[in-house]
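There are 2 protein chains.
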Amino acid sequence: MGCSEVDAETAAHSLIAADLSGVDSHGVARLSGYVRLWEAGRINVKPNIRCVHETPCTGVVDGDGGLGLVVAHYAMNLAIEKARNVGTGWISVQNSNHFGIAGQYAMLAAEQDMIGIAMTNASALVAPTFSKERMLGTNPISVAIPAGTEPTFLADFATTTAANGKLEVLQRAGKDIPGKWLQDEHGEISFDAEGLKKGGAMLPLGSDSLHGSHKGYMLGSIVDIFSGVLSGANFGPWVPPFPAYVPMPENQPGRGIGHFFGAMRIDAFRPASDFKKDMDLWISRFRVAEPIQKERPVVIPGDPEREARSQRLKEGIPLNAAVCQDLNSLAEKMGILPLF
Amino acid sequence: MGCSEVDAETAAHSLIAADLSGVDSHGVARLSGYVRLWEAGRINVKPNIRCVHETPCTGVVDGDGGLGLVVAHYAMNLAIEKARNVGTGWISVQNSNHFGIAGQYAMLAAEQDMIGIAMTNASALVAPTFSKERMLGTNPISVAIPAGTEPTFLADFATTTAANGKLEVLQRAGKDIPGKWLQDEHGEISFDAEGLKKGGAMLPLGSDSLHGSHKGYMLGSIVDIFSGVLSGANFGPWVPPFPAYVPMPENQPGRGIGHFFGAMRIDAFRPASDFKKDMDLWISRFRVAEPIQKERPVVIPGDPEREARSQRLKEGIPLNAAVCQDLNSLAEKMGILPLF
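Sequence order for the protein chains is A and B.
Mind the numbering: the first sequence is residues 36 to 375 in this note's numbering, read in order.
Mind the numbering: the second sequence is residues 36 to 375 in this note's numbering, read in order.
For reference, chain A alone in the conformation it holds in the complex (with noise of 0.2 Å):
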């Protein structure tokens, strides 16, 4: 595409390490994605990244239409540079695009001693509580928490019931949905996995305004406000889609998609030994917490995602046929050797 050397190698380690951790839907699944993006002429490929606005904790980093994956690298190495100078630093990102998974960006802060928070709003697909409209999306959410022995901790969530790649996954196989995930364009509940392209919306963590949906969208809209709004991005239904066939929102309100991150160095607030000790004890306390049925122990978060890694690490990566014939396709249009 036209990437630095340095760039694309930002990129590529982007998507292996989602293929790594098991987010098969975010690896390299999604380059041809990116590319089409670039074909639409809605990637910069290279983009002058600076920070436009900033205190010695804080600042606005403009991404200059970069793809996601290197503006979002940026971004945050900024935020761990000003931790480390002055103890927390917050980089609010406008005019970014897609940036693959998040948890890569809070990792990078927790191998430094510092808690890490990465977030970025994205093309509207989710409908407020009592709302049929799509006007947020999945909004994503990763913190990471150093430990001393035990692992990091890791929480990467959709601000969704159920994240996007599992439809994707009953999609193909042409299967219904097992829960309430979506509601169709009336606003009923659909369990057709199908919904969104028939004009449904992803439902909010929480489902219905029985259980909290509600509170669901307000965690997307607080996603949404520091990505977008803190930074002049877009936000709500404006955010730029992903699918380059989609066409762009109308009097958009601000450049590109918006990103958040965060670092906070541990030592700021206590000795990182101390809190290391109160985090494995935290982490192995949860670890035994008395299960429902014996085979199924409670989840630490980060576990699936290091399991996998570890897998991943010996036994490679799988792919499925069709990612890979994508691969092969990119290839040729890109006149390199097919990969498979």
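Please keep in mind that the hints were generated in silico from the structure rather than gathered at the bench.
Remember, it's a predicted structure, so these values are computed and weren't measured experimentally.
Do not take every clue at face value.
As the list makes no split between identical chains, a pair holds if one copy fits it or if it spans any two.
Once the Cα atoms are required to be at most 30 Å apart in a straight line, the calculated DSS-like pairs of lysine-lysine come out as [stated by the list, open to error]:
{"#": "1", "residue 1": "K201", "residue 2": "K349"}
{"#": "2", "residue 1": "K167", "residue 2": "K349"}
{"#": "3", "residue 1": "K311", "residue 2": "K167"}
{"#": "4", "residue 1": "K349", "residue 2": "K233"}
{"#": "5", "residue 1": "K167", "residue 2": "K233"}
Assemble the complex: chain A is given as a structure, and chain B must be docked to it using the hints.
Positioned in the frame of chain A, the structure of chain B alone reads:
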């Protein structure tokens, strides 16, 4: 109880703020609960509240066992002061007690053109996904975000499917629970409003694993770690209970209850007027998101509290007979004239 006049006034304002906002469960109805904690020797009425570790933008406050309502005000004001000086302020609090409604602290920052964040851990009533053990409190999160001509965006919610207050209302009415809010002591969904008293547990936001309860569990965990582990307070199953008759957990790793507060100056990111213009657009656009039922429009976070406040400032705060009786008993015990 022997608090200073200033502290008593702070605490009284805090409880009345909850009643004015329509959150009756956290208002003066709780006063006798605080008094019972004091009688049990678990409230220090003359606390030496102080910052025991700090950087220009962070700090840990030791509440010295004081009333949470007083400690939390001190800590939030310190976060605001730090934000005024350097852009953001982040305070983790140890050795505190229950602090009432989270939203009142977040609002203190919003009144100063800052984004305000407040959260607290609480005694364990919630089971993590796949567990039947109570490991987390209802661990609320509040975020207040100022706007221009529109009112402040105020999110304030427990990280559970339903708030404890809603359960108490059903208990008093002798009704069943209308949704999946609780599980019984075996981990099966329970519709018994008395379920908590029978060894059950509240469910994290999401209700069950099919609807993302692991996300609610992760959110509650993040609140617990930011409030408890980062400060050196208790966390997880070791957080002190609010009812004075419930014995303290054994082998507590920390001191008292923990809170976490944040303040971010808007103009540390963008000129406040630009931000507020966009927030006005955000709010006005979400207000007209197409409703499912015409008579039930989308709710802007903070609207319900504002409407209650406006009505109650005019018409007064309705108190039920049991609360009046309770306050009268309290007056008698304290040797002051009965109130009603």
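Outcome of the hint check:
Taking CA atoms no more than 30 Å apart as the test, K201 paired with K349 passes inside one copy only; the shortest distance there is 25 Å, against 50 Å between copies. Taking the shortest alpha-carbon separations for K167 and K349, neither the intra-copy value of 46 Å nor the inter-copy value of 35 Å comes in at or below 30 Å. For the homomeric pair K311 and K167, the shortest alpha-carbon distance between copies (27 Å) is at most 30 Å, but the shortest distance inside one copy (45 Å) is not. Within a single copy, K349 and K233 get their C-alpha atoms no closer than 41 Å, and across copies no closer than 47 Å, so neither meets the 30 Å cut-off.
Taking the shortest Cα distances, K167 and K233 sit within 30 Å of each other inside one copy (13 Å), while across copies they are farther apart (39 Å).
Of the numbered hints stated above, those contradicted by the structure are hints 2 and 4, listed in ascending order.
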